[in-house]
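In order, the protein sequence lines correspond to chains A and B. Numbered according to this note's numbering, the first sequence spans residues 71 to 782. Numbered according to this note's numbering, the second sequence spans residues 71 to 782.
Hints should not be assumed to be uniformly reliable.
In this list, chains with the same sequence are indistinguishable; a pair is considered to hold if it fits within one copy or across any two.
Said to hold, decoys possible - Calculated lysine-lysine pairs in the DSBU-like style (CA-CA distance at most 30 Å, straight line):
hint	residue 1	residue 2
1	K602	K133
2	K734	K338
3	K738	K133
4	K758	K76
Derived by calculation from the structure, the hints in this document are not laboratory data.
Number of protein chains: 2
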Amino acid sequence: MKDLSKMMTLADVSSQKPAYLATIFAQGNGHFGMRASAPTDAESGGTIVNGFYESSPIQYGEKAFGYAENNQTAVLLPDLRRMSIRNAEEQPFLAEAPSSLKFDLASGELRGVWPLRDPSGSRLELTVVSVLGQTLDQFALITYQLRSVDYRGLLTVSNHLTMPVFGAATDDPRQPRPIHTLQVSATQKDAVSETMRIKAPTSGQQITLKLACQDGLDRVQPIVPEQVLTRAVIASVSRINRQASRKRVTPDALQADAKQFWTDFWAKADVQIEGAPALNRALHFNLFQLVSSAGRGGLTNVAAKGVSGVGYEGHYFWDTEMYMLPFYTYATPDIAKALLTYRYHVLPQAKKQARIVGVKDGALFSWRTINGEEASAYFPASTAQFHIDADIAYAVDRYVQVTGDETFLHACGLEIIAETAKFWLHFGAWSPVDGKQRFCFFDVTGPDEYSAMVNNNYYTNRMAKHNLSLAVDWGRRFPEEAQQFGLDDATLTAMAKAAAAVELPFDAQLGINAQDDEAFKKPIWPFADTPKDKYPLLLHYHPLTLYRYQVNKQADTLLADYLFDDVPAAQLRREYAYYEKITTHDSSLSRSIFSALAARMGDEKRAYDYFMDTVRMDLIDLQGNATDGLHVANLGGSWLSVVTGFAGVRRRSGQLVIENHLPKAWRKLVINLQYQGRHLRLTLTHNKTVVDLVEGTPLTVRVDGQERPLKN
Amino acid sequence: MKDLSKMMTLADVSSQKPAYLATIFAQGNGHFGMRASAPTDAESGGTIVNGFYESSPIQYGEKAFGYAENNQTAVLLPDLRRMSIRNAEEQPFLAEAPSSLKFDLASGELRGVWPLRDPSGSRLELTVVSVLGQTLDQFALITYQLRSVDYRGLLTVSNHLTMPVFGAATDDPRQPRPIHTLQVSATQKDAVSETMRIKAPTSGQQITLKLACQDGLDRVQPIVPEQVLTRAVIASVSRINRQASRKRVTPDALQADAKQFWTDFWAKADVQIEGAPALNRALHFNLFQLVSSAGRGGLTNVAAKGVSGVGYEGHYFWDTEMYMLPFYTYATPDIAKALLTYRYHVLPQAKKQARIVGVKDGALFSWRTINGEEASAYFPASTAQFHIDADIAYAVDRYVQVTGDETFLHACGLEIIAETAKFWLHFGAWSPVDGKQRFCFFDVTGPDEYSAMVNNNYYTNRMAKHNLSLAVDWGRRFPEEAQQFGLDDATLTAMAKAAAAVELPFDAQLGINAQDDEAFKKPIWPFADTPKDKYPLLLHYHPLTLYRYQVNKQADTLLADYLFDDVPAAQLRREYAYYEKITTHDSSLSRSIFSALAARMGDEKRAYDYFMDTVRMDLIDLQGNATDGLHVANLGGSWLSVVTGFAGVRRRSGQLVIENHLPKAWRKLVINLQYQGRHLRLTLTHNKTVVDLVEGTPLTVRVDGQERPLKN
């Protein structure tokens with residue numbers, strides 16, 4: 071009996087366009103992803119390998135000192151599912167819209183059924199069942215069942231590796247860049263297998279893909295109506311710059327591996343919304359795709375589109391730390407640790423980047439990158455988002471606190487916190503504000519990319535203050551270790567002093583935190599005069615237009631409010647109302663925060679409305695560009711809305727806090743969490759908040775304002 | 071008897087490098103320029119045609135809405151002076167360093183003498199005398215005298231047109247961009263003449279060059295020591311997209327034309343510094359090159375390097391209006407008018423540009439351009455310098471007031487003033503400052519390019535206020551005309567209200583005008599820790615480093631103080647001292663303003679020191695890049711230092727003011743000025759300021775604080 075809450079079908083999505091379906095039903099295992107195209111579709115499919123990129127010099131119309139030097143461009147690789155099917159005259163059978171797509175999130179198995187036609191109208195039906203290895207993550211199993219509906223004659227079936235054709239270059243920064251330097255060679259080919267090496271000569275990376283089919287990669291045989299041909303292909307994708315695995319896997323082993331992995335995952339991290347089956351399924355889809363997207367080996371991270379597409383060039387952003395890591399930290403701590411380990415590995419590049427922007431100590435993580443070097447060509451909206459440093463430090467601390475993994479703290483975490491804190495200490499400047507010396511950050515860009523290079527962005531400053539405090543707290547706890555990373559006593563004292571005095575702009579008249587020193591001086595964007603088809607604004611207005619108005623692409627100051635939970639209720643209400651009015655949500659990172667914050671404020675309508683858009687963003691193609699890949703940060707955002715919003719989960723003074731904000735529309739909300747080695751299960755109904763300690767040692771949590779001791 | 075104050079020689083320059091000399095001794099006539107290379111030097115020479123450019127798409131690493139689309143790149147054209155000289159074995163004679171270069175600024179004639187050697191050491195001496203037509207501005211005359219020192223044998227001499235080889239692409243924004251699309255074809259070739267058509271297919275422009283030599287372009291003849299061969303070449307350069315002139319000119323006619331032009335110019339506009347011959351000559355060089363650089367037909371302007379090189383891609387900047395036009399206006403009003411007429415012709419492009427940055431009415435002139443469209447690829451330091459609009463309006467008003475040319479006002483000027491004022495009215499925003507509604511300009515960049523996208527840049531705001539006031543003043547004077555350009559009564563009232571309320575940031579504690587709302591909050595650049603070889607800073611620091619400090623590339627607030635003469639003396643002293651400390655003068659536009667302002671303030675030492683660097687900037691290669699071309703704005707700046715600084719010339723309440731600040735080192739300063747159809751001659755000595763009305767109707771001027779009626 072299948073769990074329908076874990077069964078995605080065509081009924082769950084808003085469009086039947088092949089490239090859109092290829093994204094939504096894409097399968098991944100963190101190492102690679104396989105878009106879910108019809109095997110006869112040469113355009114929608116392809117394989118994405120996390121971290122595989124080609125370099126090319128960034129072209130600037132006008133370049134200046136310290137600009138990012140090289141593009142890092144993720145490359146779409148041959149579609150492993152691709153199969154050509156030809157009739158006796160060598161004419162192709164081509165797929166029509168799928169009659170069925172079933173994605174079993176409980177086992178990771180995708181089953182698709184496509185009607186096929188040849189030019190004379192003869193019909194076949196193709197069923198493809200695919201599954202990706204999860205611990206056996208270099209492998210995929212693809213089985214094909216080809217049934218003749220009314221065709222009688224010779225049928226030729228071939229599986230081969232073919233490089234996808236690149237689209238033309240576009241000006242949309244979210245679109246992949248065409249690249250032309252790849253070197254592709256067949257290294258081995260026989261009747262039952264084929265191996266292709268793809269080399270990116272400028273980045274120096276290479277990958278090997280392999281197809282193996284015991285029935286022969288090319289097969290010719292007669293078929294009659296109702297007859298079914300079956301074949302199974304095992305595909306493999308090597309790790310970057312390594313030889314293809316010599317391990318042999320069987321179809322059964324691969325299926326069992328996937329099944330076991332997903333069963334374990336759901337047991338530990340399932341979230342069930344009772345009373346809203348479609349939303350429940352959408353949320354499960356999101357969590358499934360989050361896990362499918364994340365690099366697990368410590369050398370890769372999560373691309374903006376995961377492994378479902380090459381939009382945003384396969385780059386890693388702050389999205390990981392602020393929108394996805396909460397989920398990984400509470401659901402799959404091993405993945406969380408791997409992602410933060412990646413940041414640890416790119417610390418040398420981050421130190422270099424700090425020197426490039428003229429800061430003499432510490433590290434500055436790159437805004438968009440695969441290899442750790444800055445790859446953004448427009449620094450005012452990228453490198454100037456210095457807050458990424460504090461975002462990563464925040465995520466390290468959260469990981470250590472929530473998992474209790476002090477091994478990671480000593481191996482990697484403390485060094486990350488120390489290097490980022492040193493950055494802030496040397497980047498900031500003491501400056502008088504209303505007669506008092508305050509620690510200020512000039513010419514920074516906050517999360518809201520409709521403003522750039524402002525002074526004392528509230529979010530940036532609040533995060534930097536936290537980053538400095540973390541260094542002081544952890545540094546004082548482990549003074550000898552801290553000293554190795556330059557956190558001697560004098561430095562810690564300077565950091566404590568700076569942290570205490572970080573300028574946090576506040577508008578006394580409005581009674582709210584101000585996005586930056588001068589944000590409120592600017593006129594409010596003329597929303598009334600802006601037609602609907604002019605959104606997202608960035609595609610229709612010059613940055614110099616956007617920058618001179620009060621208009622937000624996404625939650626900025628409110629994101630700080632959400633993270634720190636330190637704004638008095640009345641002020642928070644004013645703040646929410648003010649910023650909501652000027653926010654376009656043109657970024658997919660916006661709505662989840664508006665939802666979670668509204669839930670905690672008891673504004674159920676807003677919380678629910680924003681959640682509806684968040685949880686189904688890609689399923690209804692809300693942003694209009696899901697063909698390029700999933701909005702993975704928003705997938706994480708939907709978990710934030712449910713768990714940290716409706717269930718009010720957060721940590722306060724080192725204690726886990728749960729607050730029941732269950733929406734009226736739902737009957738029950740069940741959440742599984744991993745917490746400091748324990749497995750907790752929260753069950754929220756309208757009258758009750760139950761917290762079960764499924765596994766682990768006793769603990770006291772705070773539930774709806776009351777201390778609640780837990781034991782099993 | 072030659073006027074030695076108008077005779078530039080090798081003794082006047084700091085370097086003997088061929089490419090440097092080719093710039094300094096370049097000859098121009100506004101239409102085209104000829105670099106002064108040795109005729110056998112294939113690398114340093116070339117022809118520059120004002121306004122001739124090729125287009126190519128600007129490459130952006132990351133592009134957004136409204137970015138400039140196309141590069142406009144001035145093209146270095148074949149060296150008209152080029153001559154190959156070969157011995158009997160067809161081996162080349164090559165020039166060594168010139169033994170003499172004499173540039174007669176009184177007649178426009180350049181005479182150079184180069185020793186030549188062939189590979190076996192045989193010697194010739196080549197004398198080249200060149201002159202450019204001035205009213206006959208499509209022609210140049212180049213005569214060669216080739217004397218054998220010790221060579222005996224056959225000599226082959228050839229003059230032909232050859233396209234220069236482009237250098238490699240560099241990241242220095244001041245360097246020319248290599249272009250590869252030009253189509254070059256010989257359209258006619260015979261024994262005595264050769265014509266070449268050069269087409270820039272993307273911009274659609276074309277140019278025809280022609281060489282004619284009655285002795286034959288190729289000539290072979292025997293020569294013995296002390297024998298002299300002579301030949302004369304007449305070169306012509308067609309106007310852009312026009313046929314080559316069919317007019318025939320003789321060498322004599324060309325020489326006479328040049329002689330007459332320069333004689334007339336010096337009679338009207340000479341400035342003589344007595345007691346400092348080298349400076350006097352340097353100043354004459356500057357004025358000569360200014361006149362040689364400026365387009366005179368109303369369809370071109372003055373490139374940053376004039377016609378002496380293709381640095382900055384041959385683009386026109388605000389340099390014209392703010393640094394050169396004062397000179398042209400007072401010295402060569404016809405040229406001033408032509409340059410402003412160019413702006414009038416590109417008003418349609420400027421209106422389009424205003425729409426691109428989201429301003430619904432008015433026009434925004436492009437920051438760097440040839441054809442009127444924005445060609446800058448880094449908007450924060452270019453398009454965001456909105457002040458160019460007010461700079462142009464200021465120059466229009468100054469031109470009309472100083473020349474009395476109301477015809478131009480009605481034909482072009484009023485429309486320019488109206489369109490720029492409308493831009494400010496719709497670009498600005500009412501915003502409360504200290505409880506009062508002020509008219510503010512957000513996210514603008516002032517002249518100082520070491521800050522970007524600030525709020526209420528003092529210079530920008532002061533200029534905008536003036537631009538709005540000009541529209542009100544002229545609009546009320548000519549209401550019917552003004553209405554045609556959208557200056558109806560309501561608009562004029564709104565402009566007057568806005569002008570009166572323009573925010574002008576002032577720091578009460580420092581008692582000085584503030585560069586922008588938050589400039590003084592930032593820390594001061596760590597000058598003590600900055601080694602000398604890190605200047606200019608822009609080549610060694612990331613913009614994000616420069617932007618977060620108080621550090622100026624050039625005069626910014628002080629430029630406004632200089633232009634408006636409206637800051638009380640004590641405040642001005644504080645302001646000068648403050649800004650001087652944070653200014654690097656990394657821009658060639660800086661020192662002249664510091665000099666002129668210091669002179670007016672009575673700070674002779676500063677005035678003189680800055681003037682010394684200004685007046686000789688290219689002659690001592692102060693900026694280190696004179697090989698790319700002259701710093702034409704600074705040439706104009708040196709006139710500003712002398713005339714508006716040491717002689718304190720400006721207009722106040724519609725009256726011409728002269729203030730004697732003659733430096734001690736000088737005996738006398740004589741300045742010829744054109745003023746409202748009159749010719750004035752100022753003679754400043756240490757005890758006296760004489761103003762002669764050389765020609766024209768009586769007038770009262772204000773001299774050293776006293777009214778002085780003039781009549782002839």
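Have a look at K734 and K338 and pick one of within, between, both or neither, based on CA distance no larger than 30 Å.
-> For K734 and K338, the Cα distance is within 30 Å only inside one copy (26 Å; across copies 89 Å).
Same-copy or cross-copy closeness of K738 to K133 [CA-CA at most 30 Å] = Classified as neither: same-chain Cα gap 56 Å, cross-chain 47 Å, threshold 30 Å.
30 Å Cα cut-off: does K758 pair with K76 within a copy, between copies, both or neither?
-> within (26 Å within a copy, 98 Å between copies)
Pop the pair K602 and K133 into one bin, within, between, both or neither, using alpha-carbon distances up to 30 Å.
-> Between copies only: 23 Å across, 36 Å inside.
In the structure shown, a violation is registered for the earlier hint numbered 3 alone.
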